[in-house]
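The chain contents come next:
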Amino acid sequence: MLMEKILIVIGMIFELISGQPHRELIPNITNPQQIIWKDIDHMLFVKDADIFEYNVVEKTLENIGTRKPNEFVGLDENGNIVLCGIEHFIIDSEDEFSTVFTVNGKELKFFPTIRPISVIGDTIVAMTAMDFLEQHYYKISIASGEIKEIEEPKNISDDNNENMALYVQKDMLGNVYLNYDTRELFRYAIRTLAHRLDSI
Amino acid sequence: MYIWGMKRYITILIFTFICFVTFPTVCWADVNGIFPKDEATVDTRTINFRWVNTDPNAEYTYMLDVGNVIDSTKNYFPRVGISVPSSNGTSYAYSVPKEFGNNILWWVKYCPKNQNPCEHVLSSSIYSFNISADAVATPPVSQQQPQVKSIEDTAAPKVVKKATPPPSSSTSTPTKPKEDTTDTMAWNVNTSELSKPFSFPFKEYIGVTQWHGNTAFQKPHTGIDFGAIQKEILAIGDGEVIGKGWDSYNGKCLSGGNYLLVKHSNGMHSSYFHLQSTYVDVGKNVKKGDVLGISGNTGSWNCQPLAYHLHFETRLGRSQSTHVNPVDYIATDWSKVLTLNAKSNSGRLSGDNPHPTF
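Sequences listed follow chains A and B, in order.
If you number the first sequence the way the numbering used here does, the last residue is 200 and the count never jumps.
If you number the second sequence the way the numbering used here does, the last residue is 358 and the count never jumps.
What the hints contain is simulated information worked out from the structure, not anything from laboratory work.
Predicted model, so just to flag it, every value in this text is computed and none were measured.
From the derived model, a few chain B residues whose C-beta atoms are all more than 10 Å from chain A:
1) G89
2) K113
3) N116
4) N130
5) K196
6) S199
7) E204
DSS-like cross-link-like pairs, simulated, lysine-lysine; straight-line CA separation at most 25 Å:
8) A/K109 to A/K68
9) A/K47 to B/K343
10) B/K203 to B/K244
11) B/K219 to A/K68
12) B/K284 to B/K203
13) B/K219 to A/K47
14) B/K343 to A/K154
15) B/K37 to A/K170
16) B/K244 to B/K231
17) A/K170 to B/K343
18) A/K170 to B/K336
19) A/K139 to B/K343
20) B/K252 to A/K109
A virtual CB, placed ideally from N, CA and C, is assigned to each residue, including glycine.
Build the full structure now, drawing on both the sequences and the hints.
Next comes the structure, spelled out in structure tokens:
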């Protein structure tokens, strides 16, 4: 019994020393258009019309909703799914609007031809929709409709998760892999524990 | 007994630690019987690939895929698929050709041993490893020639030429249709390149931001957008400049900017848009390779400024409606003309991309 515990501890130490990254295939999902981390345990995959939630711990994939082809999936303040409709128009003058976003029935109209790259809470981060145009990035408040140009945001790639303890990668075939680094996860656990102890 | 047990474990741990410190690649590569393990470094091009059958209750036949990592894009490119003889079990010795480079990846596909037809399932992991730059291939004497198969379906998209009509002019040089290329080993050894009439419009290889054809952004896109920032543009063949000016096909909000139109001796035309400046005038005869101007970002779309790029078209006649895929008429090694930022924007791979994965 004691030996087993000792071996587990030693194994964990070696695991941490090695820093070997681990990778596992997420089954039944290929080429998702969007990957959204809901929290450390759950991620969303948007695949065509369907929205799936993947439980990282239990390794289950559940279809939790649908979207239309011109809708972008985001999360509101409470972590619920919010859909952002996108319409583009050909215009003849700078006084017109070429983009309309529709969020929760509210229409937001903008001159630049843009597409959302992230919808979190009250904020939409958008970028120039067309590849051949000069690329700009914008921050939009859903509540006020205010649009403000920003620098290119870091980590806009679907593949990245902020803490980098867990992150997903796609291969050339569209397969999606969950990567985790034990050492980073350990650090994350310590940080989370410290944060929770502080808040007691 | 108890103490001996402790000693045994400690001894194993010490030896593991020493091995890890001394030969990290070897020790860790063999942990799961997989070799070369992910991110390993090896010092030979002749590699005894080994993998593990995690299902003890079934036997499988395997196919070993070996490819390379394209450095600038970090995309994977499968180069060879090898049917592993069942006598080999879960290993296969293969000498990785120098042409594959030093950043190699590999994976295994498998199907149950008696399945007919064999429907290969991709293994869950793709391993990448590096070969030391000075490694030399020494194929074992007894090694049999690997069976090279075209990798179809999921492993590697076919590279197939889009059918295009021949040039309309009777004076044109007949162009031999490019061969369909279905074997990933041979895709960049295309003899029909020699029969293409034109040359590349730049002095060096410049990547593409949008290919010709029905792309994710335009249907159709009438040319190829090269991601050129103020680069010299070249005449792709002998001919005469027959058009120059400011293109404005729909007011100031939809403009191609400064453009040039060249009529070539075989009757075809080439056009260059969004130029920053031009060095030739209408009526000027040009030779293949002459510098015509500098690429830029002039013009606009939906009243918005364009990114720096060259929109380049080849046409059978003068009209834009006769546009054809430049890839079919320009003799160059298109494998070196990469799709720019394809990883973050996969839509750029769409259209008549001669290599749909990068």
